[in-house]
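Colleague: Here the protein sequences line up with chains A and B, keeping their order.
First residue of the first sequence? That's 1 in the numbering used here, and the numbers climb one at a time after it.
First residue of the second sequence? That's 1001 in the numbering used here, and the numbers climb one at a time after it.
Hints are all accurate, no fakes.
Keeping only pairs whose Cα atoms sit at most 20 Å apart, straight-line, the calculated SDA-like set for lysine to any residue is:
id, chain 1, residue 1, chain 2, residue 2
1, A, K207, B, A1059
2, B, K1225, A, D246
3, B, K1207, A, R8
4, B, K1207, A, Q14
5, B, K1225, B, R1135
6, B, K1225, B, P1155
7, A, K207, B, R1008
8, A, K207, B, K1207
9, A, K207, B, A1007
10, A, K225, B, Y1245
11, B, K1207, B, R1013
12, A, K207, B, S1197
13, B, K1207, B, V1142
14, A, K225, A, E125
15, A, K207, B, L1011
16, B, K1207, A, R53
17, A, K207, B, R1052
18, A, K207, A, R76
19, B, K1225, B, L1184
20, B, K1207, B, Q1065
21, A, K207, A, G69
22, A, K207, B, E1056
Hints in this document: simulated from the structure, not taken from any laboratory.
There are 2 protein chains.
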Amino acid sequence: MTASPAARPALYRQVTDTLRARLDAGTYQPGDRLPSESILAAELGVHRLTMRRALEELAREGLVQPRQGAGTFVLRRPATLAVTVPLTRGEFTSSLRAQLETQGQRYTDRLAGSEVADDPRARRELRAARTRMRRVDSFLEVDQEVWICSTAWGPDRLLRDVASVWRQTDGIYGVLLDRAALPLRYVWRSFGAEPASVEDAGRMGVKPGSPVVVREGLTADGEGKPVLWVRRRARFDRVRYVLHYDS
Amino acid sequence: MTASPAARPALYRQVTDTLRARLDAGTYQPGDRLPSESILAAELGVHRLTMRRALEELAREGLVQPRQGAGTFVLRRPATLAVTVPLTRGEFTSSLRAQLETQGQRYTDRLAGSEVADDPRARRELRAARTRMRRVDSFLEVDQEVWICSTAWGPDRLLRDVASVWRQTDGIYGVLLDRAALPLRYVWRSFGAEPASVEDAGRMGVKPGSPVVVREGLTADGEGKPVLWVRRRARFDRVRYVLHYDS
DNA sequence: CAGTGGTCTAGACCACGCC
DNA sequence: GCGTGGTCTAGACCACTGG
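The task is simple: from the sequences and hints, build the whole structure.
Modeller: Printed below as a string of structure tokens:
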């Protein structure tokens, strides 16, 4: 019913399983440096390229992280942070930041860049045919790791000089709440997945093509006019989004 | 601020971009078979392995799909289906099925297997220390493609003989609604991402390690007792989940 | 500058689909 | 049985990190 009578899996896949078993067993501990690719290849009697393919799988699963020139390191286990998604349109509590604080983890919302730019998708989402628009990039760093890359689009009028009012604890909504007189409201949020772009992968320290959780959202002001379209890409092994219906 | 002064990207990455440009330009049309790896490699003057790495990226992005023995085919563009997630705990309308029907797409919810089994995670979620539990696997097929793989856990009492009452239009909730006298309610839903397992990847026709959207959820009966824990893995280029706050 | 991961070419064999 | 993608080995060079 499954496939042919269980053909022997490819060698690199067997190697992956061997290494995964060692990680599970604690042979290699989080933070440890693995033996070099050549050593491991020799030990298991395979070519270095085959070993690389195996290690690549593990990297994609978020178990290890290769660093050129330094070695391949065992990551700490995916203790995914469950970010609560509000079920009503008015709540703007950031469960993410609240949770990080209660767990005593240091986080910083860094502004990566900001420029006046144009994007058809953003224009459509914000229903802004002629407004001058600004794009703001930022990323959330937790315990030395980048967990989330964000891109926000909104009218330049509201986002001008973000750098000067940026607070590393509040992110883009902090800027907006300061400037938009009226209260903010959710219009929609969406959740999906995607392969990491080369740029995001570099920032997050994962392989290009690794899964990232994509959360998009549109926020409007009190009159219902869309003011911000945000697109967040988060490390799949660090972040997931939860809806609690028990309220 | 980004990295070193733009080192020349790796050759395989340049090849990826070349091919991606051709796909964007329509040089290769959806449904077409690409020239073989050897031909393409020769044409661009690279080794076949380098070409393979490039094609692998495109496959991971959901743009092409290699089929052993047959060739590499251009997939139709990711017209992601937006599945509406209800904001109240009682609604059990399946926006997915409704949308597929209005779009005139044929779908089938296939039962893949069912067995009495045990799983610590499922036991914990369902708060069932000693109940005999059953696992039910199914997948949703749309237009010849598998879009979603599901695994559901619940008390054997409610899931016995699923095969005999399974309707290909209703899936697991259909079974449950038939048997649970009381109305069902959501307890929570969560959204994340993950690399596709080898098994799921095979069923969905994607590469192992490709991103999949993971939707988990716990459902309870009218008295609030958890009765079903579901874990869905969906193709990232076909499904995303949306919350509309504008109701 | 030694050692590590990252890339690339070369050439071979295998498993599978299709004709 | 031919052509396709899938795997594996061999050996080389490069880019980067760290002492």
